[in-house]
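**Student:** First to last, the sequence lines map onto chains A, B and C.
348 is the number that numbering that gives the first Met the number 0 gives to position 349 of the first sequence; each next residue is one higher, with no gaps.
231 is the number that numbering that gives the first Met the number 0 gives to position 232 of the second sequence; each next residue is one higher, with no gaps.
50 is the number that numbering that gives the first Met the number 0 gives to position 51 of the third sequence; each next residue is one higher, with no gaps.
Just so you know, not all the hints are guaranteed correct.
Treat identical chains as interchangeable: a pair holds within one or across any two.
[What the hints assert, rightly or not] Under the rule of at most 16 Å between Cα atoms (straight-line distance), these lysine to aspartate or glutamate pairs were calculated in the EDC-like manner:
{"#": "1", "residue 1": "Lys76", "residue 2": "Glu60"}
{"#": "2", "residue 1": "Lys192", "residue 2": "Glu166"}
{"#": "3", "residue 1": "Lys192", "residue 2": "Asp35"}
{"#": "4", "residue 1": "Lys76", "residue 2": "Asp186"}
{"#": "5", "residue 1": "Lys76", "residue 2": "Asp279"}
{"#": "6", "residue 1": "Lys319", "residue 2": "Glu61"}
{"#": "7", "residue 1": "Lys76", "residue 2": "Asp18"}
{"#": "8", "residue 1": "Lys192", "residue 2": "Asp225"}
{"#": "9", "residue 1": "Lys192", "residue 2": "Asp294"}
{"#": "10", "residue 1": "Lys76", "residue 2": "Glu145"}
{"#": "11", "residue 1": "Lys76", "residue 2": "Glu326"}
{"#": "12", "residue 1": "Lys192", "residue 2": "Asp276"}
{"#": "13", "residue 1": "Lys192", "residue 2": "Glu332"}
{"#": "14", "residue 1": "Lys192", "residue 2": "Glu326"}
{"#": "15", "residue 1": "Lys319", "residue 2": "Glu343"}
{"#": "16", "residue 1": "Lys76", "residue 2": "Glu61"}
{"#": "17", "residue 1": "Lys76", "residue 2": "Glu9"}
{"#": "18", "residue 1": "Lys319", "residue 2": "Glu341"}
{"#": "19", "residue 1": "Lys76", "residue 2": "Glu341"}
Hints listed in this document are in silico derivations from the structure and should not be mistaken for laboratory results.
Just so you know, these numbers come straight off a predicted model, no measurement behind them.
Residue strings, one per chain:
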Amino acid sequence: MPVTLRELAERFGCELHGDGEIAVSRVGTLSGAGPDAVSFLANPAFRRQLGATRAAAVILEERYRGECPVASLVTPKPYVTYARVAALLAPPRTVEPGVHPSAVVGAGSVLGPGAAVGPQAAIGAGCRIGAGVVVGAGCVIGDGVEIGAESRLAPRVTVLEGARIGERCILHPGVVIGADGFGFAHDGGQWVKIPQTGGVVIGNDVEIGANTTIDRGAIEDTVIEDGVKIDNLVQIAHNVRIGAHTVMAGMSGVAGSTRIGRRCMIAGGAVVSNALDICDDVVITIRSIVTRSIDAPGTYSGALPAEVAPEWRRNAVRFKHLDALAERLRAVERALARRAGEQEQDDEQ
Amino acid sequence: MPVTLRELAERFGCELHGDGEIAVSRVGTLSGAGPDAVSFLANPAFRRQLGATRAAAVILEERYRGECPVASLVTPKPYVTYARVAALLAPPRTVEPGVHPSAVVGAGSVLGPGAAVGPQAAIGAGCRIGAGVVVGAGCVIGDGVEIGAESRLAPRVTVLEGARIGERCILHPGVVIGADGFGFAHDGGQWVKIPQTGGVVIGNDVEIGANTTIDRGAIEDTVIEDGVKIDNLVQIAHNVRIGAHTVMAGMSGVAGSTRIGRRCMIAGGAVVSNALDICDDVVITIRSIVTRSIDAPGTYSGALPAEVAPEWRRNAVRFKHLDALAERLRAVERALARRAGEQEQDDEQ
Amino acid sequence: MPVTLRELAERFGCELHGDGEIAVSRVGTLSGAGPDAVSFLANPAFRRQLGATRAAAVILEERYRGECPVASLVTPKPYVTYARVAALLAPPRTVEPGVHPSAVVGAGSVLGPGAAVGPQAAIGAGCRIGAGVVVGAGCVIGDGVEIGAESRLAPRVTVLEGARIGERCILHPGVVIGADGFGFAHDGGQWVKIPQTGGVVIGNDVEIGANTTIDRGAIEDTVIEDGVKIDNLVQIAHNVRIGAHTVMAGMSGVAGSTRIGRRCMIAGGAVVSNALDICDDVVITIRSIVTRSIDAPGTYSGALPAEVAPEWRRNAVRFKHLDALAERLRAVERALARRAGEQEQDDEQ
Numbered sequence: 000m001p002v003t004l005r006e007l008a009e010r011f012g013c014e015l016h017g018d019g020e021i022a023v024s025r026v027g028t029l030s031g032a033g034p035d036a037v038s039f040l041a042n043p044a045f046r047r048q049l050g051a052t053r054a055a056a057v058i059l060e061e062r063y064r065g066e067c068p069v070a071s072l073v074t075p076k077p078y079v080t081y082a083r084v085a086a087l088l089a090p091p092r093t094v095e096p097g098v099h100p101s102a103v104v105g106a107g108s109v110l111g112p113g114a115a116v117g118p119q120a121a122i123g124a125g126c127r128i129g130a131g132v133v134v135g136a137g138c139v140i141g142d143g144v145e146i147g148a149e150s151r152l153a154p155r156v157t158v159l160e161g162a163r164i165g166e167r168c169i170l171h172p173g174v175v176i177g178a179d180g181f182g183f184a185h186d187g188g189q190w191v192k193i194p195q196t197g198g199v200v201i202g203n204d205v206e207i208g209a210n211t212t213i214d215r216g217a218i219e220d221t222v223i224e225d226g227v228k229i230d231n232l233v234q235i236a237h238n239v240r241i242g243a244h245t246v247m248a249g250m251s252g253v254a255g256s257t258r259i260g261r262r263c264m265i266a267g268g269a270v271v272s273n274a275l276d277i278c279d280d281v282v283i284t285i286r287s288i289v290t291r292s293i294d295a296p297g298t299y300s301g302a303l304p305a306e307v308a309p310e311w312r313r314n315a316v317r318f319k320h321l322d323a324l325a326e327r328l329r330a331v332e333r334a335l336a337r338r339a340g341e342q343e344q345d346d347e348q
Numbered sequence: 000m001p002v003t004l005r006e007l008a009e010r011f012g013c014e015l016h017g018d019g020e021i022a023v024s025r026v027g028t029l030s031g032a033g034p035d036a037v038s039f040l041a042n043p044a045f046r047r048q049l050g051a052t053r054a055a056a057v058i059l060e061e062r063y064r065g066e067c068p069v070a071s072l073v074t075p076k077p078y079v080t081y082a083r084v085a086a087l088l089a090p091p092r093t094v095e096p097g098v099h100p101s102a103v104v105g106a107g108s109v110l111g112p113g114a115a116v117g118p119q120a121a122i123g124a125g126c127r128i129g130a131g132v133v134v135g136a137g138c139v140i141g142d143g144v145e146i147g148a149e150s151r152l153a154p155r156v157t158v159l160e161g162a163r164i165g166e167r168c169i170l171h172p173g174v175v176i177g178a179d180g181f182g183f184a185h186d187g188g189q190w191v192k193i194p195q196t197g198g199v200v201i202g203n204d205v206e207i208g209a210n211t212t213i214d215r216g217a218i219e220d221t222v223i224e225d226g227v228k229i230d231n232l233v234q235i236a237h238n239v240r241i242g243a244h245t246v247m248a249g250m251s252g253v254a255g256s257t258r259i260g261r262r263c264m265i266a267g268g269a270v271v272s273n274a275l276d277i278c279d280d281v282v283i284t285i286r287s288i289v290t291r292s293i294d295a296p297g298t299y300s301g302a303l304p305a306e307v308a309p310e311w312r313r314n315a316v317r318f319k320h321l322d323a324l325a326e327r328l329r330a331v332e333r334a335l336a337r338r339a340g341e342q343e344q345d346d347e348q
Numbered sequence: 000m001p002v003t004l005r006e007l008a009e010r011f012g013c014e015l016h017g018d019g020e021i022a023v024s025r026v027g028t029l030s031g032a033g034p035d036a037v038s039f040l041a042n043p044a045f046r047r048q049l050g051a052t053r054a055a056a057v058i059l060e061e062r063y064r065g066e067c068p069v070a071s072l073v074t075p076k077p078y079v080t081y082a083r084v085a086a087l088l089a090p091p092r093t094v095e096p097g098v099h100p101s102a103v104v105g106a107g108s109v110l111g112p113g114a115a116v117g118p119q120a121a122i123g124a125g126c127r128i129g130a131g132v133v134v135g136a137g138c139v140i141g142d143g144v145e146i147g148a149e150s151r152l153a154p155r156v157t158v159l160e161g162a163r164i165g166e167r168c169i170l171h172p173g174v175v176i177g178a179d180g181f182g183f184a185h186d187g188g189q190w191v192k193i194p195q196t197g198g199v200v201i202g203n204d205v206e207i208g209a210n211t212t213i214d215r216g217a218i219e220d221t222v223i224e225d226g227v228k229i230d231n232l233v234q235i236a237h238n239v240r241i242g243a244h245t246v247m248a249g250m251s252g253v254a255g256s257t258r259i260g261r262r263c264m265i266a267g268g269a270v271v272s273n274a275l276d277i278c279d280d281v282v283i284t285i286r287s288i289v290t291r292s293i294d295a296p297g298t299y300s301g302a303l304p305a306e307v308a309p310e311w312r313r314n315a316v317r318f319k320h321l322d323a324l325a326e327r328l329r330a331v332e333r334a335l336a337r338r339a340g341e342q343e344q345d346d347e348q
């Protein structure tokens, strides 16, 4: 469904430069877009590709307009505008409502209008599935689960008993919501399981990446607040709370009972230890390890970048003697101070 | 099913203080429990919440009894007792025995009395599924698999051909048992697959977290001994052996052919390299990397905690020159020693 | 199906020493093999087990032949030859062609001759499934997916809309191909989803481990070239390209838009940050973090190994003051230089 540049400009509040009757039907990169696509310039690193673009038009800031060889849609927020244009041109696939004949739906479960349940899905008893919800092929939904309107579960998602998921959420394949938290009491060399009797509550507009796991609480609930975005292969342990609009990139993790504030950004592979309190607006950079609570917004780092192996090894070996090295430095400082004292005495004599 | 405090005290060997006729029907945290719940004090960090609890009773050690405003169940092991009380009050959901009509069971597979196979599950041929076993919705069990009595597979678990799982195990959603190990021979710039012909043997009372993967052996078996507890998103490579009653927290991993001893504790995100031997009673702390065998019980660490970014960067840059810094210190020490020698000579002259 | 040593020698170009009529039916380790098994010596660490082996024969290099107490198959590449022998003795299980009655296949999907679709699988509309392809139990294949001849999908693999998979690929359980990449634009404290409209293209002879995730591109495709081997629980973000014959071990990851060269080796737990360019023939060692592009082949490292906890702590504490320590060393150097200058002046006077 092609859309004219004029329509895009009006709908998304852009200033149009060029022929408004040109129609586009997809988005493209500056280098890859053809004359049926609209592109964008959000990251200045791609500025040098602007002059040669063959896109129908480019979404960009006013300051780059002079360099644009084609039509432009000028806006102070080109990336957000691109996101909205792309969503208009490539809307989520419409799914035929209804329950596939191969799916199983338990007693007392209620599906809202327009909800769709894919092939081979299994929904337990007493669930409340909201209007327009999509439950993908092969999903398993436990008893008593609630899923809010317009949420979309990709194929092969698991949501266990009693979990509550808000509206407009997106859960990708392999996600597991509500498995038991990891809790055991030690008793004479063996481990006794702590029953995990809490639940999981997920707010509205949450997106959860493929094969990510969010455990149920031990007693109270694990909570993911509104607007949180979680990438693939992320681990959220029991009793965690993730504040609204926080993002967590792939392979990151949060250990049990830790609270993460609002609008935090946790980069790929970063982990936050258990029973901590991380305040709002904290950025944790790639692969960092947080072992103490953080009460001041800001950026926190903890990763050493890889080096050519022999160089790395030379330094890594020294690290093993860093304490001794510091002691040696202290000894040198003392010797110098003693000498300086002697010198002074000599000078005075 | 409410239980009186007297019954709990008798069943779990506690000393009861307060009205034994009070009945409780759930567990709760010190701060969250209402008058129908029993709570516990195991971690001294929560001691300050004891005085204000509204629980019906608290499981605690004798030394805290004086601070408890409600009835108490006194025991030297409050956490273990809490685990047992919680299990009594919230037993695993009973599952109706039998094979769901949508499930598929292969030829020659035998199900023990009371076993249950959920909707959309697929069980191969020649399997032996023990008494009381639960195979959750959407599970896939390969040919010739054995699962011991009372084990519970959550929905969407995969157990591939020939794997053997003991009794009373718990496997959470997304677990994959018996995928091929990662083995390839290098041949002229390409990789030739090493067929993975070994199996997986899992002992009794093992719990395995969501989306965790345990590969089959290359020739012999990958072995998880009795009582091992493994968290979510953990990787166990081919030919690994995990000793009895060892615990592995989320996102940890063990590379091929490594043996982990008994009663070890491997914290979140820690990894153990391949072909190592880790003795019994070793603790590996969060995100540590073990690259050598360990033959002495004890605690091993290897993670640098995150710092405020500018501080971290200042130190990280210095790390890249740590070897040079150590050499410079050595030069300073030599200069001082030379000077001291000269001084001595001067003094002697 | 037993095979004689003579047949193995002829088929795989080995020099046979010993009785060529001996038949073997399996492979075994040097220590575990019985008289019906052929073993191999590829890693010199196992050389000491050679003298006591009870195998029917051993595949080894000429230089070890003298130590072999049984028949031998001599080759300069014992590991590759072992791989080929093992594949001959333990071929992939043959699967009965056809679609299991419980599976669902969408309109317009075409299955090549000999293709097999397992129980509870769900294949979308308009797919092209090549000759001899195996789609395991519980797999979900989206609309318009193409899978090349002889590829094997283990149970519970997910391949989403439009993904293209080459020939002879092996995908292990829980793999997710084509979930949305992690892309959001920031708009006034909230995140706006960037529609992920690209695809995933996977070459021939690619193997992908259990629960690994490979996201679709944001606009263009995520690409895995021929012969790439990926282990379990690996994350490949959107727009990534992995060059031919590269291997990635368990729990490693590549962030968005990064290109990895050909014949690279990325060890367990290593991560490569986003928008980087890694050239051909790069080795990244265990758990390293790559944050800059690499344009020279070679080995790159970045992990500090675990130490006994008190030792580690002593050094880790010093790391927090490494910059200050370097500054103190500089001050000492200056003081010494000043003193040396004074000394020289003294000497000159």
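**Student:** Take the hints in turn and mark each one as holding or not.
**Tutor:** Status of each hint after checking the structure:
1. Lys76 to Glu60: So Lys76 and Glu60 pass the 16 Å test inside one copy only (7 Å; across, 60 Å).
2. Lys192 to Glu166: Between copies only: 15 Å across chains, 34 Å inside a chain, cut-off 16 Å.
3. Lys192 to Asp35: Classified as neither: same-chain Cα gap 59 Å, cross-chain 22 Å, threshold 16 Å.
4. Lys76 to Asp186: Between. Shortest inter-copy distance 8 Å satisfies the 16 Å Cα cut-off; intra-copy 58 Å does not.
5. Lys76 to Asp279: neither (24 Å within a copy, 37 Å between copies)
6. Lys319 to Glu61: For Lys319 and Glu61, neither the intra-copy (54 Å) nor the inter-copy (42 Å) Cα distance is at most 16 Å.
7. Lys76 to Asp18: For Lys76 and Asp18, the Cα distance exceeds 16 Å both inside one copy (21 Å) and across copies (66 Å).
8. Lys192 to Asp225: Between copies only: 14 Å across, 32 Å inside.
9. Lys192 to Asp294: Result: close neither inside a copy nor across copies, 33 Å intra and 29 Å inter.
10. Lys76 to Glu145: neither (36 Å within a copy, 38 Å between copies)
11. Lys76 to Glu326: neither (54 Å within a copy, 44 Å between copies)
12. Lys192 to Asp276: neither (26 Å within a copy, 28 Å between copies)
13. Lys192 to Glu332: Cα proximity of Lys192 and Glu332: none, with 55 Å in one copy and 57 Å across.
14. Lys192 to Glu326: neither (47 Å within a copy, 52 Å between copies)
15. Lys319 to Glu343: For Lys319 and Glu343, the Cα distance exceeds 16 Å both inside one copy (38 Å) and across copies (35 Å).
16. Lys76 to Glu61: Classified as within; 10 Å inside a copy, 63 Å across copies.
17. Lys76 to Glu9: So Lys76 and Glu9 pass the 16 Å test inside one copy only (15 Å; across, 68 Å).
18. Lys319 to Glu341: neither (35 Å within a copy, 33 Å between copies)
19. Lys76 to Glu341: neither (68 Å within a copy, 63 Å between copies)
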